[in-house]
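With chain A fixed as given, assemble chain B onto it according to the hints.
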Amino acid sequence: MRARRIIFALLAVAMIAVMIWRPRLPITVTDSTRAVFAMIDALDSNAVVMISFDHEASSLPEIGPIGAAIADHCFRRGIKVVGLALFSEGNAIGYDLLSRRAIRQGREYGDDWIYLGFRPQYTAAILGMGEDIGEVFATDYLGAPLSRLPLGARVRNYEDIDLVVSVADGSMPTYWIEYAANRYGEKVVAALSAVMVTSFTPYQESGQLAGILTGLKGAAEYEQLLQSPAAGVRGMAAQSAAHVLIALLVLWGNIEAWRSRKRRAA
Amino acid sequence: MSMLRDRLTILTAATAGVFMVVQYFVTSPGMDATYRAILNWMQVIFACALMVGIAAVVKNHIVRLRRRRAERPYSLVLLASVAAMASMGFSGGIDQGSSFLWAFNHLQAPMQATVFSLLAFYVTSAAFRGFRARSVESAVLIAAGLIVLIGRVPLGEQISAQLPAAAEWIVNVPALAAKRAILIGIGLGMVATALKVIAGVERTYLGGR
Numbered sequence: 001m002r003a004r005r006i007i008f009a010l011l012a013v014a015m016i017a018v019m020i021w022r023p024r025l026p027i028t029v030t031d032s033t034r035a036v037f038a039m040i041d042a043l044d045s046n047a048v049v050m051i052s053f054d055h056e057a058s059s060l061p062e063i064g065p066i067g068a069a070i071a072d073h074c075f076r077r078g079i080k081v082v083g084l085a086l087f088s089e090g091n092a093i094g095y096d097l098l099s100r101r102a103i104r105q106g107r108e109y110g111d112d113w114i115y116l117g118f119r120p121q122y123t124a125a126i127l128g129m130g131e132d133i134g135e136v137f138a139t140d141y142l143g144a145p146l147s148r149l150p151l152g153a154r155v156r157n158y159e160d161i162d163l164v165v166s167v168a169d170g171s172m173p174t175y176w177i178e179y180a181a182n183r184y185g186e187k188v189v190a191a192l193s194a195v196m197v198t199s200f201t202p203y204q205e206s207g208q209l210a211g212i213l214t215g216l217k218g219a220a221e222y223e224q225l226l227q228s229p230a231a232g233v234r235g236m237a238a239q240s241a242a243h244v245l246i247a248l249l250v251l252w253g254n255i256e257a258w259r260s261r262k263r264r265a266a
Numbered sequence: 001m002s003m004l005r006d007r008l009t010i011l012t013a014a015t016a017g018v019f020m021v022v023q024y025f026v027t028s029p030g031m032d033a034t035y036r037a038i039l040n041w042m043q044v045i046f047a048c049a050l051m052v053g054i055a056a057v058v059k060n061h062i063v064r065l066r067r068r069r070a071e072r073p074y075s076l077v078l079l080a081s082v083a084a085m086a087s088m089g090f091s092g093g094i095d096q097g098s099s100f101l102w103a104f105n106h107l108q109a110p111m112q113a114t115v116f117s118l119l120a121f122y123v124t125s126a127a128f129r130g131f132r133a134r135s136v137e138s139a140v141l142i143a144a145g146l147i148v149l150i151g152r153v154p155l156g157e158q159i160s161a162q163l164p165a166a167a168e169w170i171v172n173v174p175a176l177a178a179k180r181a182i183l184i185g186i187g188l189g190m191v192a193t194a195l196k197v198i199a200g201v202e203r204t205y206l207g208g209r
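Taken in sequence, the protein lines are chains A and B.
First residue of the first sequence: 1, per my numbering; consecutive thereafter.
First residue of the second sequence: 1, per my numbering; consecutive thereafter.
It is worth saying that the hints were derived from the structure and are not from the lab.
These numbers were taken from a predicted model, which means no experiment stands behind them.
Beta carbons are placed, not taken as given, at the ideal position from N, Cα and C, and that holds for glycine.
It is possible that some hints are incorrect.
To be verified - Selected chain A positions facing chain B (in silico; Cβ < 7 Å):
id, residue
1, 9
2, 24
3, 25
4, 201
5, 236
6, 248
7, 249
Okay, chain B solo, but in the shape it has when bound:
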């Protein structure tokens, strides 16, 4: 039964993969209609995956609530927040003027922005402790980092007119060359993985079977 299920899954992935490649080059009314149907299905499957994700998070935190005393308050806050937002959304909608949107704009957004802003403090502390020139290579890296750091803010222009130009050169020449190499590598890797999925060689998406 399990083998049949795996084969059906591999066949579905291979058929969908081959179809999406072929439809890119061939146009016909039937092909276009199938393509549109697949795009709609992708959205439906993604929406279902979101529901599965919510259920998994809720289940995980219910288990934590029962077993891990130290983490109980956090799980409790999470479950209460999920319940509150869901009930507000289902009862009053998510349109303008709804309590759901009020909670999002006045609670969630500022809280997330605050947590994200705290990164500035940790980055500063980490830079002070971590950026040490222990070799010539690390000294070059730190020097480049400092030039970009100062050269990309208005104060850098006040310190020296050459700083922004140097920062631009670092970003647009050596950093760009490295980034391009990484992107090309990623692209080739994506093509290889896609071909392996279509051919049924790559099977990790089956859950490690």
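The following block holds chain A by itself, in its conformation from the complex:
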């Protein structure tokens, strides 16, 4: 019980210290992040990227910066963005995030971006959009008929979408791969919480997934490529401190266990 309290206190002190001190650690961009950045950078300004906020509110601190960085990149380059959510909790979060980023980049709702909202039963929603987006989302998040919005009228199905980015904290990209990528040939990128990455690497290796962005580190790398450090870069110091502390504690625990075994044997 005492050891647990000490560990909690150590972690809290480490977190607070780096938040006050704010050290800037050099971030090396991985090939995976560079590939996704290059993919979006290569799209022409008339291209359409669909960003799906497939996550819960709980993972927002880790997943939010990735969504923000991708939205910034698209809006900065003038790429059209179609937002939606296949998790009810991601719905309001996605709209809020996209509208803030669009205002910052001077993008107009309806022309440069639209937000479709949330639909339950993700399998049916993903498959349905392959046939007709207007049939799955007759109106946008704000209640306007999709056909009356210039961008809404333009995107009929996946043939009019150049890239799908699933910002997810769970297994939702699996369904995008199975139904949008495999069935309709759509290019899918997964922006994932770090713990989910190993689950999706096989899909990337097989070419079913066009790219992966990894958690807060992925966001920091993307911000580095965008040359606009934000929440991802800020979070790297705290994450580094926590990881090193955990490693030291594991080593310390093992040394103590080894010493006590030695004492018992003697």
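Here is chain B on its own, set in the frame of chain A:
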């Protein structure tokens, strides 16, 4: 009556299963229209299932409120929250500027993020107590875990330039091989279960009958 109901359910599942397999390979206007109708129905059924879920949670907590004194405060908070969010949603809508959205953005989202963040403390404590090298295999596992832990943060690069490369190798070679094997196993299991449902052999979805 019960047997007739079961047979009808199995027949519906088998028909829908066979249709979804066939429509993947065969295209015709009739087939496409039926496929679209099924997709719409799936969403309608899911929305109804959500309502059933809410009703079950509410019923369960009303029972707890009556019977379990110690858990009363928690059930009370849950029921009050459900009632408050539902009334805000029905009266003021869920659009921008609504009280529902305000409550979601300023209460629910931060609370969930806070609870999730607390995991860091428990994970640290559990790692300290649980990651003990009691055998060669567990020592290898711990060493791999530590390399990935340190190698995937910027500080790891400062400690040694080799750490990120080692972490990448662990994730992309041994971990990926294991994950692939698991995924292939899951895939085969899914195909087998789907075939069993279509053939009417797998009946657990009937409620254990």
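**Prompt:** Failing hints, ascending?
**Reply:** The structure breaks hints 1, 2 and 6; every other hint is satisfied.
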